[in-house]
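**Q** Please put together the full structure from these sequences, using the hints given.
What follows is each chain in one-letter form.
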Amino acid sequence: MSLKRTAQHIVVGSQLTPVEVELTTDLVGRYAATVQDETPWYGDAFDTPIAPPAFISILSGKPMDATYEPVSGGIHASQEFELLQPMLIGSTITISGTVVDKFDKRGRTYAIVETEYHDQDGNLVARGRSESVVPQA
Amino acid sequence: MAMATRDTAVGTHLPNINKSISQPMIDQYGKVNNDTNRMHYDRAFAQQHGYRDAIGHGLMTFAFASEMLGRYFGSQWALGGKVRIKFIAPVYPGDTITTGGQVTDSHVETDGQRLTVDIWCENQDGEPVLVGEANALVA
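Residue numbers (numbering that gives the first Met the number 0), protein chains in the order written: chain U, 0 to 136; chain F, 0 to 138.
To be clear, the hints were calculated from the coordinates, so they are not data collected in a lab. Wrong hints could be hidden among the right ones.
Taking lysine to aspartate or glutamate pairs in the EDC-like style, the calculated list, with each CA pair at most 20 Å apart, reads [what the hints assert, rightly or not]:
#: 1; chain 1: F; residue 1: Lys-81; chain 2: U; residue 2: Glu-81
#: 2; chain 1: F; residue 1: Lys-85; chain 2: U; residue 2: Glu-113
#: 3; chain 1: F; residue 1: Lys-85; chain 2: U; residue 2: Glu-81
**A** Below is the structure:
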């Protein structure tokens with residue numbers, strides 16, 4: 000990985016490096032404890048306990064991080080998620096993404112990234128779209 | 000059990016949730032997220048960028064709104080829930096964040112009845128930090 004996540008290096012159309020994440024009980028548990036969300040139905044509404052729906056937040060930035068070296072100073076501006084299927088604890092989610100736009104507004108450069116989330120069986124379980132201010136250098 | 004039903008009226012307010020923000024909470028979120036952006040952990044760095052302190056992750060605030068939506072819609076939130084949010088102001092250590100929501104639409108779709116809600120999170124001074132819209136099918 001040689002390019003930094005800065006305005007001049009991010010390329011529109013970039014197919015980001017896919018990342019696999021195993022949703023272990025430990026990882027999901029640490030997330031739930033951090034955001035203090037122990038909603039009961041996560042444990043028993045489905046055949047298998049699921050990650051809190053907002054757990055997708057932990058996954059959404061990984062393709063960008065795997066493709067462009069993270070640089071401090073960025074700011075998250077907006078986010079969309081479509082939660083198609085629950086993310087089961089014990090599953091492995093592959094996150095893929097594309098930089099779909101980059102533009103300047105009020106002296107800042109913004110990048111828009113669309114992401115998809117597939118489980119280990121290839122089922123599409125979620126989609127996302129984020130807009131972030133990226134550092135200039 | 001979900002609070003939202005097919006009979007939920009437009010205008011209904013969602014029960015809110017309160018969360019206290021601390022730097023250790025932000026630090027822990029960063030560790031779980033493998034995030035290294037100094038905006039969240041380095042006060043001096045954040046101040047150089049115009050903030051009065053290190054700032055919380057926007058998606059950490061979203062987690063609070065999602066918890067509110069999960070309580071309201073039940074498991075349907077994880078089965079076809081959609082959300083669109085903007086992060087409009089920073090969240091700082093020491094803040095108390097309160098989530099809010101209000102039903103704005105209810106209509107029948109092929110797969111069932113879909114409720115749409117405006118959602119927001121505000122700090123202890125009543126200043127909004129996150130705004131958006133979410134929807135999900137109700138049983």
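**Q** Decide, hint by hint, whether the structure agrees.
**A** Against the structure, the hints:
no., hint, verdict
1, F:Lys-81 / U:Glu-81, "4 Å, holds"
2, F:Lys-85 / U:Glu-113, "16 Å, holds"
3, F:Lys-85 / U:Glu-81, "15 Å, holds"
Consistency note: the structure conflicts with none of the earlier hints.
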